[in-house]
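4 protein chains.
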Amino acid sequence: MKIKVRYAETDKMGVAYYANYFVWFEVGRTERLERAGIPYRVMEEEFGVILPVIEAFAKYRKSVRFDEEIEVIARIVDLSHIKLTFEYRIYNENGDLSCEGYTLHVPVNSKGKVIRFPEYIYEKLRLAHYEDSKT
Amino acid sequence: MKIKVRYAETDKMGVAYYANYFVWFEVGRTERLERAGIPYRVMEEEFGVILPVIEAFAKYRKSVRFDEEIEVIARIVDLSHIKLTFEYRIYNENGDLSCEGYTLHVPVNSKGKVIRFPEYIYEKLRLAHYEDSKT
Amino acid sequence: MKIKVRYAETDKMGVAYYANYFVWFEVGRTERLERAGIPYRVMEEEFGVILPVIEAFAKYRKSVRFDEEIEVIARIVDLSHIKLTFEYRIYNENGDLSCEGYTLHVPVNSKGKVIRFPEYIYEKLRLAHYEDSKT
Amino acid sequence: MKIKVRYAETDKMGVAYYANYFVWFEVGRTERLERAGIPYRVMEEEFGVILPVIEAFAKYRKSVRFDEEIEVIARIVDLSHIKLTFEYRIYNENGDLSCEGYTLHVPVNSKGKVIRFPEYIYEKLRLAHYEDSKT
Numbered sequence: 001m002k003i004k005v006r007y008a009e010t011d012k013m014g015v016a017y018y019a020n021y022f023v024w025f026e027v028g029r030t031e032r033l034e035r036a037g038i039p040y041r042v043m044e045e046e047f048g049v050i051l052p053v054i055e056a057f058a059k060y061r062k063s064v065r066f067d068e069e070i071e072v073i074a075r076i077v078d079l080s081h082i083k084l085t086f087e088y089r090i091y092n093e094n095g096d097l098s099c100e101g102y103t104l105h106v107p108v109n110s111k112g113k114v115i116r117f118p119e120y121i122y123e124k125l126r127l128a129h130y131e132d133s134k135t
Numbered sequence: 001m002k003i004k005v006r007y008a009e010t011d012k013m014g015v016a017y018y019a020n021y022f023v024w025f026e027v028g029r030t031e032r033l034e035r036a037g038i039p040y041r042v043m044e045e046e047f048g049v050i051l052p053v054i055e056a057f058a059k060y061r062k063s064v065r066f067d068e069e070i071e072v073i074a075r076i077v078d079l080s081h082i083k084l085t086f087e088y089r090i091y092n093e094n095g096d097l098s099c100e101g102y103t104l105h106v107p108v109n110s111k112g113k114v115i116r117f118p119e120y121i122y123e124k125l126r127l128a129h130y131e132d133s134k135t
Numbered sequence: 001m002k003i004k005v006r007y008a009e010t011d012k013m014g015v016a017y018y019a020n021y022f023v024w025f026e027v028g029r030t031e032r033l034e035r036a037g038i039p040y041r042v043m044e045e046e047f048g049v050i051l052p053v054i055e056a057f058a059k060y061r062k063s064v065r066f067d068e069e070i071e072v073i074a075r076i077v078d079l080s081h082i083k084l085t086f087e088y089r090i091y092n093e094n095g096d097l098s099c100e101g102y103t104l105h106v107p108v109n110s111k112g113k114v115i116r117f118p119e120y121i122y123e124k125l126r127l128a129h130y131e132d133s134k135t
Numbered sequence: 001m002k003i004k005v006r007y008a009e010t011d012k013m014g015v016a017y018y019a020n021y022f023v024w025f026e027v028g029r030t031e032r033l034e035r036a037g038i039p040y041r042v043m044e045e046e047f048g049v050i051l052p053v054i055e056a057f058a059k060y061r062k063s064v065r066f067d068e069e070i071e072v073i074a075r076i077v078d079l080s081h082i083k084l085t086f087e088y089r090i091y092n093e094n095g096d097l098s099c100e101g102y103t104l105h106v107p108v109n110s111k112g113k114v115i116r117f118p119e120y121i122y123e124k125l126r127l128a129h130y131e132d133s134k135t
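Residue numbers (this note's numbering), protein chains in the order written: chain D, 1 to 135; chain L, 1 to 135; chain Z, 1 to 135; chain R, 1 to 135.
Extracted from the complex, chain D is given alone in its bound form:
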């Protein structure tokens, strides 16, 4: 997943503002879910399953600059029927690690009540988790 750093995403330090990495994490996990055959849009709109973030963490290693093409890699590293963890790596345009982190999610319904993943979704996530465990 390639992203170009937007001018809007820089700050007066001249590099990307730290909170934006969490937006890129989100772009990465959206792409990962789509590739897993269960796009987040479908999960929300057809299954009524929402995935709020319960924990988020990032470790910053190299700043990235305006117009730099970065790569976001999101992997499912932990999964149960009531929990899902993504791990992320963001690389700068030279292929160096810029940032790594994770987000922890629980499935909730539209009223905000924690639920178990429906089997259809769980199966897709389980396969993606298995794939990601090998990389």
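Keep in mind that the hints were calculated from the coordinates and are not lab data.
Being a predicted model, the structure only gives us computed values, none of them experimental.
No copy is singled out in the list; a pair is fine if it fits within one copy or between any two copies.
Using 27 Å as the maximum straight-line C-alpha spacing, the simulated DSS-like pairs for lysine-lysine come out as follows: (1) K2 / K134; (2) K111 / K62; (3) K111 / K4; (4) K124 / K113; (5) K59 / K12; (6) K134 / K83; (7) K124 / K134; (8) K12 / K111; (9) K59 / K113; (10) K111 / K124; (11) K2 / K12; (12) K83 / K111; (13) K12 / K124; (14) K62 / K113; (15) K12 / K113; (16) K59 / K4; (17) K12 / K62; (18) K62 / K4; (19) K83 / K113; (20) K83 / K59.
Assemble the complex: chain D is given as a structure, and chains L, Z and R must be docked to it using the hints.
Chains L, Z and R in isolation, oriented as in the chain D frame:
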């Protein structure tokens, strides 16, 4: 309505990024509606009236910097049962005009259909419009 | 220039927040300048020419949703040695016009003083303007 | 430090988007540094000391909604000449804990090289750290 410019709102030019002024416009109109006795939260949640933006314009005069305290003034300058226009002025910490602009809104229901303002809301807006016409 | 609407870019109305269209405008003009052979990164870092926004306008026609693939088209519609205007059109995933607008810029140096475009840059912009006038 | 949740800060889930908490953390630490007698604006502009984020963490407990008044409390919980850690708590309008987290910073100069805090700044931070250790 005083706002301190956040680090997140600056860009690599060292000043506030242009799109953020529209966020500050929104903060100003939220405050104006609250002062009019019809908070936007109430309008949406109790009346089901949503106010999408149909047009937005800004003219930038002086850039503002991180940690600068700016003042946002929002006025209702045009009103009918199916249309509402806010005008904005943003002043920098020296009291100089930094930005001026407007947004045009139409009331819609939760399905996105254009509606007429309910009388209760219209009456509040009409009074606010009258007040603002004198300043 | 294709962009996928990010979750971060939606608001509680369920569609993209209005200020984000100005961020997409910026993405479009960055791509237009790159295609013109004068990337904005180069303009700033090698020529010391900065392009602050003096006016910005958007007219919203159809809202766009999370994960929708939109297309941003930026054209140079007016140019002099001290002024540059971009026009934008954003299309939703069905090819319908979602938003159109413009931004007006003046070239300034790193101290914020208005300057004339250096000839090298002006020539690139002039050709791009000519190309865009035919589309 | 009171903040009203902006419409721009919500997402289609109807509550504040997770990355925005890191922006609020920044607002909290700006205010904490100002209260410590060493505003971040001064640190950057007069001392040339920049404080990039090296690690960031948040644990989300209760979502917050548009127009809700939240309280951000930032404390200095760890300090050396080459490291600074802030801890944050964000409370919702009922006084319930909405989010807690931390950010870890190192002082760098304008070229991005890690430096030691100048004594003047260190002394201010040390006193603030001492105050915060008692709360």
